[in-house]
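Chains A and B are the protein sequences, given in the same order.
Per my numbering, the first sequence runs over residues 1 to 328.
Per my numbering, the second sequence runs over residues 329 to 669.
There could be a bad hint or two in this list.
Below, computed lysine-lysine pairings styled on DSSO-like, alpha-carbon distance capped at 30 Å [as the list claims (entries may be wrong)]: (1) A/Lys65 with A/Lys149; (2) B/Lys496 with A/Lys65; (3) A/Lys236 with B/Lys496.
Distance windows between CB atoms, simulated [said to hold, decoys possible]: (4) A/Gln121 with B/Ile503: 51 to 57 Å; (5) A/Asn311 with B/Val639: 31 to 37 Å; (6) B/Leu363 with A/Ala119: 37 to 43 Å; (7) B/Ala429 with A/Asp200: 44 to 50 Å; (8) B/Gly649 with A/Asn323: 54 to 60 Å; (9) A/Asp200 with B/Ala527: 51 to 57 Å; (10) A/Ser307 with B/Val647: 46 to 52 Å; (11) B/His462 with A/Thr82: 46 to 52 Å; (12) B/His462 with A/Asp120: 30 to 36 Å; (13) B/Gly491 with A/Gln121: 42 to 48 Å; (14) A/Ala119 with B/His462: 48 to 54 Å; (15) A/Thr320 with B/Ser618: 47 to 53 Å.
By construction, these hints were calculated from the structure, which means they are not laboratory data.
In this text the structure is predicted, and so the values were computed from the model without any measurement.
C-beta atoms are modelled at their ideal positions from N, C-alpha and C, and glycine is treated no differently.
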Amino acid sequence: MKSKRTMAAGLAALGLVLAACSSGATTAPSSAAASAAASGAAGAAACQGKTIAVIVKAGTSTYWKTVGSGVDDAKAEFPGCTVTFEGPDAETNVTAQIAEVEAAVAKKVAAIVIAVTGADQVLPSLQKAADAGIPIILIDTNKDFTPKKAFVGTDNAAGGKAAGDYIVKTVGVKAGDTVLIIRGQAGDAVHNLREQGATDPLKAAGVTVIVQPADSDRAKGQAVMENVLQANPNLKAVFATNDEMALGALKAAQQANKTIPIIGFDANPDAIASIEAGGLTGSIAQFPKKIGQFGVETAVKILAGESVDANVNTGVELVTKDNVANFK
Amino acid sequence: MSSQPEPVAVAPGPEERRNWTEIAFQLGALLGLILLVAIFALSSPSFLTTGNLAGIARQTSVNALLALGMLVVILTGGIDLSVGAVLALAMVVLAMVITKAGLDQSIGMVAALAVGAALGVGNGLLLTRLHLPHPFISTLGMMNIARGAALVITGGASISALGGGIVKFIGNDEILLGSGDGAVSIPIMLFVVVLAYVAFYFFLNRTVVGRHIYATGGNPEAARLSGVPVDRILVLVYTISGLMAGLAAVVLAGRTDSGYPNAGLGFELDAISACIIGGTSFFGGVGTVSGTLIGALIMGVLRNGLNIMSVDTNWQTVVIGSVIIAAVYVDVLRRRAGQSR
Chain A
1 MKSKRTMAAG LAALGLVLAA CSSGATTAPS SAAASAAASG AAGAAACQGK TIAVIVKAGT
61 STYWKTVGSG VDDAKAEFPG CTVTFEGPDA ETNVTAQIAE VEAAVAKKVA AIVIAVTGAD
121 QVLPSLQKAA DAGIPIILID TNKDFTPKKA FVGTDNAAGG KAAGDYIVKT VGVKAGDTVL
181 IIRGQAGDAV HNLREQGATD PLKAAGVTVI VQPADSDRAK GQAVMENVLQ ANPNLKAVFA
241 TNDEMALGAL KAAQQANKTI PIIGFDANPD AIASIEAGGL TGSIAQFPKK IGQFGVETAV
301 KILAGESVDA NVNTGVELVT KDNVANFK
Chain B
329 MSSQPEPVAV APGPEERRNW TEIAFQLGAL LGLILLVAIF ALSSPSFLTT GNLAGIARQT
389 SVNALLALGM LVVILTGGID LSVGAVLALA MVVLAMVITK AGLDQSIGMV AALAVGAALG
449 VGNGLLLTRL HLPHPFISTL GMMNIARGAA LVITGGASIS ALGGGIVKFI GNDEILLGSG
509 DGAVSIPIML FVVVLAYVAF YFFLNRTVVG RHIYATGGNP EAARLSGVPV DRILVLVYTI
569 SGLMAGLAAV VLAGRTDSGY PNAGLGFELD AISACIIGGT SFFGGVGTVS GTLIGALIMG
629 VLRNGLNIMS VDTNWQTVVI GSVIIAAVYV DVLRRRAGQS R
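Could you build all of it, start to finish, from the sequences and the hints given here?
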């Protein structure tokens with residue numbers, strides 16, 4: 001139990017890492033934002049005098065502060081609304097988040113926009129909120145939760161696909177070539193999506209795909225790369241479902257005196273520095289700020305009685321040497 | 329090992345009392361390792377190559393060092409759940425000393441060893457002075473504290489590019505033996521591991537303190553009555569375990585050329601597995617240095633072979649669990665055969 005918590009804390013920290021880079025990002029899909037703006041007038045009227053509670057996994061961490069800056073942007077769009085922003089002191093503090101959900105229900109807020117922390121412990125109290133007629137919008141982390149009105153967050157499959165497409169089109173792997181995908185913990189939903197997203201275009205191009213797990217850990221990514229290179233010295237490209245494993249794989253490739261294109265995921269500061277220095281070939285960036293902004297905009301649309309997409313994609317972008325300057 | 333003090337009037341260690349049971353016991357885990365190597369060698373031509381064997385050595389080193397520390401702790405009937413987190417804290421301290429403070433890698437290395445030893449002393453004192461009920465609790469607490477501290481001081485970010493020096497030499501560099509096609513690269517860290525195992529062998533089997541460690545785990549009350557300073561021994565073994573975590577941190581930092589706060593997640597379980605696979609008893613008093621090495625090698629060979637054969641991700645977890653159980657069961661069978669003799 002405790003060791004799981006530590007692991008969660010570790011993963012949380014990994015999340016932190018995502019934040020720094022995305023704040024500098026300028027490009028992101030704008031369709032959702034545009035449509036929200038179109039309904040702005042109606043939206044402002046719909047939530048006049050009402051409160052939207054935004055609850056994240058940890059109120060003070062860098063990543064969630066970036067999400068919060070997106071919430072602030074949305075706040076400015078709808079001056080009539082009261083938008084609160086809070087979260088527990090740590091992502092592992094599940095009971096604190098449950099208390100925040102219960103408090104929001106007691107205050108009779110108009111909508112709850114939440115990044116559910118922990119496994120599924122918060123869902124029963126969210127169910128109570130939904131039973132009380134409060135619309136629930138999940139952000140950042142999707143859950144199998146029937147009453148949810150929408151999920152707003154990174155489309156991890158799209159991120160994986162961007163990496164797979166790049167390997168096929170730009171790296172130029174051909175049918176019969178071998179590509180390695182190093183993924184996070186077996187069974188982890190986020191890594192499943194990233195892996196599947198990358199595998200599809202690779203398989204479609206006739207590429208042999210090897211998938212091996214490295215638990216999102218740099219040293220394990222390095223070991224996996226060393227081992228796979230032993231059996232497959234002609235590896236043409238590598239996609240790792242997070243940057244830590246990508247950086248480990250890079251170290252292994254360098255030690256074996258091989259130049260193999262390696263793409264990571266998260267565009268964390270280490271990966272950005274490596275891309276700039278000519279190490280990693282690329283990394284998939286996410287946009288936490290958009291998650292906060294689109295989350296609140298979606299809530300406002302629901303309050304205005306408009307229909308919303310069940311999945312609002314906040315976009316991903318492949319960072320390479322060409323555009324790395326935008327991400328520093 | 330010329331600096332090793334002459335053994336004086338010390339009872340022979342268990343690895344010197346070579347009766348049939350002991351040999352069979354040793355052979356149990358070794359048999360498992362040989363079987364595993366044979367299966368992988370027959371399955372893939374890439375397995376038994378010098379390049380891959382060097383790879384296995386590199387990938388096993390960190391666990392092999394942690395397992396040595398874990399061994400002395402388990403010998404006293406204890407457990408150290410904090411080693412993975414202590415490794416992480418020592419590793420990020422090392423990385424920060426080098427990159428943020430701009431000091432030489434040797435200072436970073438000393439800092440990592442000091443952090444490891446200090447937290448180990450902490451574990452020992454929590455147990456003997458605060459009288460926490462079981463080391464499971466004290467080291468579990470330390471695990472969370474060390475992991476948290478590693479996250480706090482780095483802000484959750486990894487630190488890369490440590491440059492050159494002793495840390496890179498130990499964790500990354502290799503010596504080329506021979507020349508031409510027959511040349512073999514031996515990772516420097518392999519020498520560190522071999523040295524550590526030889527030192528621990530002599531320490532546990534040929535020194536008074538080593539014998540006291542076995543005695544403490546075998547029967548603490550009897551040990552206390554016969555004059556073994558049990559509390560001091562306990563503080564010592566947790567300090568050794570912490571120190572080994574610090575040393576493992578140096579190796580891993582050199583190998584990955586970085587320090588990152590999520591390093592070592594779950595390493596404590598790998599270290600415990602290596603000890604138990606190698607025949608160490610959870611109840612204390614029983615366990616050997618050579619068995620621990622075999623246990624660590626089984627874990628390392630297994631992970632390497634599964635990668636080389638590109639075994640499906642979800643199945644790998646099942647296979648690892650099955651092999652651990654099988655390896656220990658071979659041991660149980662061997663021991664039973666030895667006892668009925």
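Hint check results:
no. : hint                               : verdict
1   : A/Lys65 with A/Lys149              : 24 Å, holds
2   : B/Lys496 with A/Lys65              : 36 Å, violated
3   : A/Lys236 with B/Lys496             : 28 Å, holds
4   : A/Gln121 with B/Ile503: 51 to 57 Å : 53 Å, holds
5   : A/Asn311 with B/Val639: 31 to 37 Å : 33 Å, holds
6   : B/Leu363 with A/Ala119: 37 to 43 Å : 38 Å, holds
7   : B/Ala429 with A/Asp200: 44 to 50 Å : 47 Å, holds
8   : B/Gly649 with A/Asn323: 54 to 60 Å : 44 Å, violated
9   : A/Asp200 with B/Ala527: 51 to 57 Å : 53 Å, holds
10  : A/Ser307 with B/Val647: 46 to 52 Å : 48 Å, holds
11  : B/His462 with A/Thr82: 46 to 52 Å  : 51 Å, holds
12  : B/His462 with A/Asp120: 30 to 36 Å : 31 Å, holds
13  : B/Gly491 with A/Gln121: 42 to 48 Å : 45 Å, holds
14  : A/Ala119 with B/His462: 48 to 54 Å : 27 Å, violated
15  : A/Thr320 with B/Ser618: 47 to 53 Å : 50 Å, holds
Against the hints set out earlier in the document, violations occur for numbers 2, 8, 14.
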